[in-house]
Amino acid sequence: SQQGEEDPQALSIQEGENATMNCSYKTSINNLQWYRQNSGRGLVHLILIRSNEREKHSGRLRVTLDTSKKSSSLLITASRAADTASYFCATDVGQFYFGTGTSLTVIP
Amino acid sequence: DTAVSQTPKYLVTQMGNDKSIKCEQNLGHDTMYWYKQDSKKFLKIMFSYNNKELIINETVPNRFSPKSPDKAHLNLHINSLELGDSAVYFCASSQDLGMGVNSPLHFGNGTRLTVT
Numbered sequence: 042s043q044q045g046e047e048d049p050q051a052l053s054i055q056e057g058e059n060a061t062m063n064c065s066y067k068t069s070i071n072n073l074q075w076y077r078q079n080s081g082r083g084l085v086h087l088i089l090i091r092s093n094e095r096e097k098h099s100g101r102l103r104v105t106l107d108t109s110k111k112s113s114s115l116l117i118t119a120s121r122a123a124d125t126a127s128y129f130c131a132t133d134v135g136q137f138y139f140g141t142g143t144s145l146t147v148i149p
Numbered sequence: 026d027t028a029v030s031q032t033p034k035y036l037v038t039q040m041g042n043d044k045s046i047k048c049e050q051n052l053g054h055d056t057m058y059w060y061k062q063d064s065k066k067f068l069k070i071m072f073s074y075n076n077k078e079l080i081i082n083e084t085v086p087n088r089f090s091p092k093s094p095d096k097a098h099l100n101l102h103i104n105s106l107e108l109g110d111s112a113v114y115f116c117a118s119s120q121d122l123g124m125g126v127n128s129p130l131h132f133g134n135g136t137r138l139t140v141t
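In the order they appear, the protein sequences are chains A and B. Using our numbering, read the first sequence as starting at 42 and increasing by one per residue. Using our numbering, read the second sequence as starting at 26 and increasing by one per residue.
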């Protein structure tokens, strides 16, 4: 299977703390994207990192990519209750493959 | 305005019935997809269409038949529904086939299908 696999499956933190989620994949990729899914909603695109990039920032989000380890991480800094959601990585090998996500709970 | 809209939001039906889910996107995208999300939140691609042509059919039973009347619509028809078909089905669209710098997926809010 080529899908990304997120780790941990669930994460609970206090508001203001940082949250780190990891994604591992199995084959060479073109790009990797992170998405957020709020309860009962569709996925929303957060950030894309290309295979030749190592780090990317967008607001409170920081994504890293290590192609030698076939892994990526998503860091959310200064978390807020509104960040409570599931986070998915999607690997691009010509089409999109998703994992089962990390369920993040931010406690106010 | 909703970019990707799908109807109905909830669908409860009995085994053996036939049902359809509709999807429309107003983003002008060339490619549309159907994904199935199971109870463990695993999201699996089912189909993708590019300019009304089927591009991907990922080992989906032939009881599932996508239909794309035009570039903005991709409907999903399911025959002889089974208990295992219970899931949330998401429609999505992107500008290009596959991922690219300007081609993130845009998802609808899902259709929760329950087969009893």
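Don't read these hints as lab results, they were simulated from the structure. You may find that some hints are simply not true.
Derived DSS-like pairs: lysine-lysine, alpha-carbon spacing no greater than 27 Å straight-line [to be verified]:
#	chain 1	residue 1	chain 2	residue 2
1	A	LYS110	B	LYS34
2	B	LYS92	B	LYS69
3	A	LYS110	B	LYS65
Non-contacting residues of chain A with respect to chain B, defined by C-beta distances greater than 12 Å in every case (computed) [claimed, not checked]:
#	residue
4	GLN55
5	GLY57
6	ARG82
7	ARG103
8	SER112
9	LEU116
10	ALA119
11	ARG121
12	THR146
13	ILE148
So the derived list for chain B, only partly shown, Cβ under 8 Å to chain A, looks like this [said to hold, decoys possible]:
#	residue
14	VAL37
15	THR38
16	LYS66
17	PHE67
18	MET71
19	LYS77
20	ILE81
21	PHE115
22	PRO129
23	ASN134
24	GLY135
For clarity, every value in this text was computed on a predicted model and none was experimentally measured. Glycine included, every Cβ here is placed at the ideal spot set by N, Cα and C.
Verification of the supplied hints:
1. A:LYS110 to B:LYS34: violated, 40 Å
2. B:LYS92 to B:LYS69: holds, 19 Å
3. A:LYS110 to B:LYS65: holds, 26 Å
4. GLN55: holds, 24 Å
5. GLY57: holds, 26 Å
6. ARG82: violated, 5 Å
7. ARG103: holds, 18 Å
8. SER112: Since the minimum Cβ distance to chain B is about 18 Å, A:SER112 lies beyond 12 Å and the statement holds.
9. LEU116: A:LEU116 is indeed farther than 12 Å from all Cβ atoms of chain B, at 20 Å.
10. ALA119: Holds, since 24 Å exceeds 12 Å.
11. ARG121: Check passes; 22 Å lies beyond 12 Å.
12. THR146: holds, 14 Å
13. ILE148: Check passes; 21 Å lies beyond 12 Å.
14. VAL37: violated, 16 Å
15. THR38: violated, 20 Å
16. LYS66: holds, 5 Å
17. PHE67: holds, 5 Å
18. MET71: violated, 11 Å
19. LYS77: violated, 18 Å
20. ILE81: With a minimum Cβ separation of about 6 Å from chain A (threshold 8 Å), the hint on B:ILE81 holds.
21. PHE115: holds, 6 Å
22. PRO129: Since chain A brings a Cβ to about 4 Å from B:PRO129, closer than 8 Å, the hint holds.
23. ASN134: holds, 5 Å
24. GLY135: At 6 Å from the nearest chain A Cβ, B:GLY135 passes the 8 Å test, so the hint holds.
Hint violations for this structure: numbers 1, 6, 14, 15, 18, 19, all remaining hints satisfied.
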